[in-house]
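S.K.: As they're listed, the protein sequences go chains A and B.
Quick note on numbering: our numbering labels position 77 of the first sequence as 77, and the sequence is numbered without any gaps.
Quick note on numbering: our numbering labels position 176 of the second sequence as 176, and the sequence is numbered without any gaps.
No lab work stands behind these hints, which were simulated from the structure alone.
Where a beta carbon is used, it is the ideal one built from N, C-alpha and C, also for glycine.
Any given hint might turn out to be false.
[Unchecked claim] From the structure, some residues in chain A lie toward chain B, with a derived Cβ separation under 10 Å:
hint, residue
1, Arg12
2, Gly19
3, Gly36
4, Ala37
[Said to hold, decoys possible] Chain A stretches covered by chain B per the calculated footprint, using a threshold of three residues with CB under 8 Å from any CB of chain B:
hint, region
5, 22-34
6, 231-239
7, 244-257
[Unchecked claim] Derived CB-CB ranges, DEER-like:
hint, chain 1, residue 1, chain 2, residue 2, range
8, B, Glu49, A, Glu262, 43 to 49 Å
9, B, Arg287, A, Ile224, 40 to 46 Å
10, B, Gly508, A, His243, 52 to 58 Å
11, B, Ala114, A, Ile224, 56 to 62 Å
12, A, Val208, B, Arg287, 54 to 60 Å
13, A, Ile224, B, Asp337, 43 to 49 Å
14, B, Ala263, A, Ile224, 24 to 30 Å
15, A, Val216, B, Gly508, 34 to 40 Å
16, B, Glu49, A, Thr119, 33 to 39 Å
17, A, Thr119, B, Ala75, 38 to 44 Å
There are 2 protein chains.
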Amino acid sequence: MPAMTELEARFRRLSHIEGAEGVLSWDWAVNMPKGGATVRSAQMATLAEIGHDILTAADLPALFDDAAAELAATAPADQAAADRLGWQQANLAEMRRRHAHATALPADLVRRRAEAASTSEMIWREARAADDFARFAPALAEVLKLEREAAAAKGAALGLPPYEALLDAYDPGRRTADIDRIFARLETELPVIRDAALAAQAARRQPVRPQGPFPVAAQRALGIRLMTMAGFPFDHGRLDVSHHPFSGGVPDDLRITTRYDEADFAESAMAVLHETGHALYEHGLPRDWRDQPVGLARGMTIHESQSLLTEMQASRSRPFMTAFAAAAREAFGADADDPAYDADNLHALMVRVRPGFIRVNADEVTYPGHVMLRYGLERAMIAGDLAVDDLPGAWREGMARLVGVVPDTDRDGCLQDIHWPSGAFGYFPTYSLGAMAAAQLFQAARRALPALDDDLARGDFSGLLGWLRAHVHGQGCRWSADELIERATGAPLSADAFLSHLRRRYLGEGPA
Amino acid sequence: MPAMTELEARFRRLSHIEGAEGVLSWDWAVNMPKGGATVRSAQMATLAEIGHDILTAADLPALFDDAAAELAATAPADQAAADRLGWQQANLAEMRRRHAHATALPADLVRRRAEAASTSEMIWREARAADDFARFAPALAEVLKLEREAAAAKGAALGLPPYEALLDAYDPGRRTADIDRIFARLETELPVIRDAALAAQAARRQPVRPQGPFPVAAQRALGIRLMTMAGFPFDHGRLDVSHHPFSGGVPDDLRITTRYDEADFAESAMAVLHETGHALYEHGLPRDWRDQPVGLARGMTIHESQSLLTEMQASRSRPFMTAFAAAAREAFGADADDPAYDADNLHALMVRVRPGFIRVNADEVTYPGHVMLRYGLERAMIAGDLAVDDLPGAWREGMARLVGVVPDTDRDGCLQDIHWPSGAFGYFPTYSLGAMAAAQLFQAARRALPALDDDLARGDFSGLLGWLRAHVHGQGCRWSADELIERATGAPLSADAFLSHLRRRYLGEGPA
Chain A
1 MPAMTELEAR
11 FRRLSHIEGA
21 EGVLSWDWAV
31 NMPKGGATVR
41 SAQMATLAEI
51 GHDILTAADL
61 PALFDDAAAE
71 LAATAPADQA
81 AADRLGWQQA
91 NLAEMRRRHA
101 HATALPADLV
111 RRRAEAASTS
121 EMIWREARAA
131 DDFARFAPAL
141 AEVLKLEREA
151 AAAKGAALGL
161 PPYEALLDAY
171 DPGRRTADID
181 RIFARLETEL
191 PVIRDAALAA
201 QAARRQPVRP
211 QGPFPVAAQR
221 ALGIRLMTMA
231 GFPFDHGRLD
241 VSHHPFSGGV
251 PDDLRITTRY
261 DEADFAESAM
271 AVLHETGHAL
281 YEHGLPRDWR
291 DQPVGLARGM
301 TIHESQSLLT
311 EMQASRSRPF
321 MTAFAAAARE
331 AFGADADDPA
341 YDADNLHALM
351 VRVRPGFIRV
361 NADEVTYPGH
371 VMLRYGLERA
381 MIAGDLAVDD
391 LPGAWREGMA
401 RLVGVVPDTD
411 RDGCLQDIHW
421 PSGAFGYFPT
431 YSLGAMAAAQ
441 LFQAARRALP
451 ALDDDLARGD
461 FSGLLGWLRA
471 HVHGQGCRWS
481 ADELIERATG
491 APLSADAFLS
501 HLRRRYLGEG
511 PA
Chain B
1 MPAMTELEAR
11 FRRLSHIEGA
21 EGVLSWDWAV
31 NMPKGGATVR
41 SAQMATLAEI
51 GHDILTAADL
61 PALFDDAAAE
71 LAATAPADQA
81 AADRLGWQQA
91 NLAEMRRRHA
101 HATALPADLV
111 RRRAEAASTS
121 EMIWREARAA
131 DDFARFAPAL
141 AEVLKLEREA
151 AAAKGAALGL
161 PPYEALLDAY
171 DPGRRTADID
181 RIFARLETEL
191 PVIRDAALAA
201 QAARRQPVRP
211 QGPFPVAAQR
221 ALGIRLMTMA
231 GFPFDHGRLD
241 VSHHPFSGGV
251 PDDLRITTRY
261 DEADFAESAM
271 AVLHETGHAL
281 YEHGLPRDWR
291 DQPVGLARGM
301 TIHESQSLLT
311 EMQASRSRPF
321 MTAFAAAARE
331 AFGADADDPA
341 YDADNLHALM
351 VRVRPGFIRV
361 NADEVTYPGH
371 VMLRYGLERA
381 MIAGDLAVDD
391 LPGAWREGMA
401 RLVGVVPDTD
411 RDGCLQDIHW
421 PSGAFGYFPT
431 YSLGAMAAAQ
441 LFQAARRALP
451 ALDDDLARGD
461 FSGLLGWLRA
471 HVHGQGCRWS
481 ADELIERATG
491 APLSADAFLS
501 HLRRRYLGEG
511 PA
């Protein structure tokens, strides 16, 4: 198959370039001295250009057609060969998809978009600090103008409505109809759950916070211990510190980060488990397709499902709190009978519902409200139905309706997130779709693993990890995100499992 | 100047790719988990290939000729324009040189060389551990065969004798006649100095070693303090730990490393100053030519001159020992009157002469003997006058003659260095040429800076650094290494200053 072989070689080279970019990005956040930023930006821009050149090469469409013909002419001799052919076909489809995205925009628009985003991000940092939306509005208007242009161009190239064309870059194949259906259900049911959870919470004895300070070295040791429980492969990765926690690197060299607050160890510990979920997904991607597009993660909804499954479903569960409490006591030298380190007490702290202004601090009950707000607003902005100047008012109205609290300032309102300032429209829904997928996958894993709660209570994630490897991680981009969910769980993606999970955890309804 | 502009754009891209490789190499040595090696090798090989493609593009020779015509047609209006034209011409010459090296070898030989070196390095590690030269000999013979082939091909392409063609990759423009002249002088005079120094040393009171343990955190703080004294720009670099100390990164993001021995702080402290010398050279390279070939360091002799000037000439000097002793006392909480931390005592420890088997542990008096041995042997091997099987015997004979001690084992003999196993023939002379250049440059700096000793006694390297920036660092590849030395010192490179330095430091002869 000369065409397919040539394509594989080119995308292998692209994978190495993108892997190098991954290490350089991690280094930027973790190690780089300030004065290295200019040359590092130039290095990364050059690597991005080289990658772009590979993806936009003029002879790719012909190679795609030749490769498709080669695959179509293949008669697999047995099931293994048929399976391999399926992967090759999926690989070719991913190559085409990446080519389509890369060629959808004229080079000039790509450049203007990058420049506008970079300028706007800078102004946004100042405007947020000064709580001055008016200062930021012109920059956001410019970004929005270019995003609308890009959405139209991508939509025309991909045959999608403009907003879906943006969405497709983060969650390939995602359609607004799915999102609307799921979010409508959440909009109806979440306020009911939230209010009932708040009432139940108020009626219970208040949990006790463990008293710090919690030295960084002890918190790091706890983080390593938790990663080890979750199955993090330390011969293929490391834990470091950065301003915002993230998961980076490449599947065989995972770089996750956290930050430490000496007054509170739980936030960092849960951030470590969240990032470990992302990293385990990357590490479990199909080994045979490591350097090909089909071997990459299947978009941000599935990625977020893996971090949220690890953090929200498994690690904040009451069973796991038994292992977590023991590890925390050991890390900080707490007495065995210290009530603050009691597993029930820690669990109560882990699942507190507190409606607030800030998305990244939100609990799992109110988080989707934050996302639905942003989804509605960004769709309206891309459609041309919401002007930038009307954003602060629309934000407050939406917060009242979807989260139940209204911020006094734009800093705690529409200036809080980096997404729009940096030109990322279409990303927000994946957070909550990821939460839905996490609940649905965890429910399926529980069905398949009757001992799961006992395992988690002992800090043993191996059964869960094995199930995820088989049904999610190892599937790469073999299927669409929705096909993957349906194959793994037996049902299309919906809000059912998530809502059951909330009712069980917060209202004590349904099976434990 | 369309051709020159096009060339600058291509070599700018190359500079970004090589910069990215620099960060990836540093990360490999400092951070990378074992399991990341395979994919990292692939990433680095891809970046190297992309760089090689830029350097071997078929249209480069025509672009070079067009650019040369453009430059020749330029009539500079004033001195500044004339100076700029000089830099452009030197830049074009460096582009041609890099192209000539990259195209000198057929792709097949490049690949076979890389494979043989990689295999041989692996076998060498085992053979050295087992002190088993016979096990290593066939691999070295294969490497040598390919190096001889490469030397012949490079020689033909560059119009040089084979060994000089290899040398040229490490020290552009270096000729064996210069080396022979300098080394002949060292061979005559060093044994006399060595024996007199040993006699004088035996007649003095023996210095006292500071008693450890010296905690790593305190050693690191001392290292940072010393780097600060030497002028290391911490907004453009950092200090980390690796198995072997090195200086990496890029000029605006310097990454130096050291290692710590809790029983001895001096070795790490001097290694830090040595690597700081390399890093300061990189940082001082001409800012206007940061991403062009003419903005790069002028070969390994000049590079080593900067590390050795900082370490051997400045930092191991008696004046600097006053500042060093104070910093060390503070780092380790030693009493002000602790005799082990007395500046004279520390100086005596810093300049002890002890002939030994291992090059990297050698003092500055016996070090050149180790280098002359290797130079003679590798020239003979490349010329076909020394067979691999005869190497151990020739090594012992040479050690007796040039260093005055003979190792019992090949592990402490011809198996000690990684250079030949990895195919680096022609590198060794630069260590000692660098030592000559360091002494000669330091002598010139002393002449220009009457307060230098007082400055060093206060830990103030700023005057020295300013002189080096003007005369060495800021010159990039504007001149050949020898032109650079002659412009900076008023004399061609010779052993004079080095021998005077040794006589003054070890025998008390000449002005202090």
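S.K.: Checked against the structure, which of the hints given earlier come out wrong?
M.R.: 11 and 15
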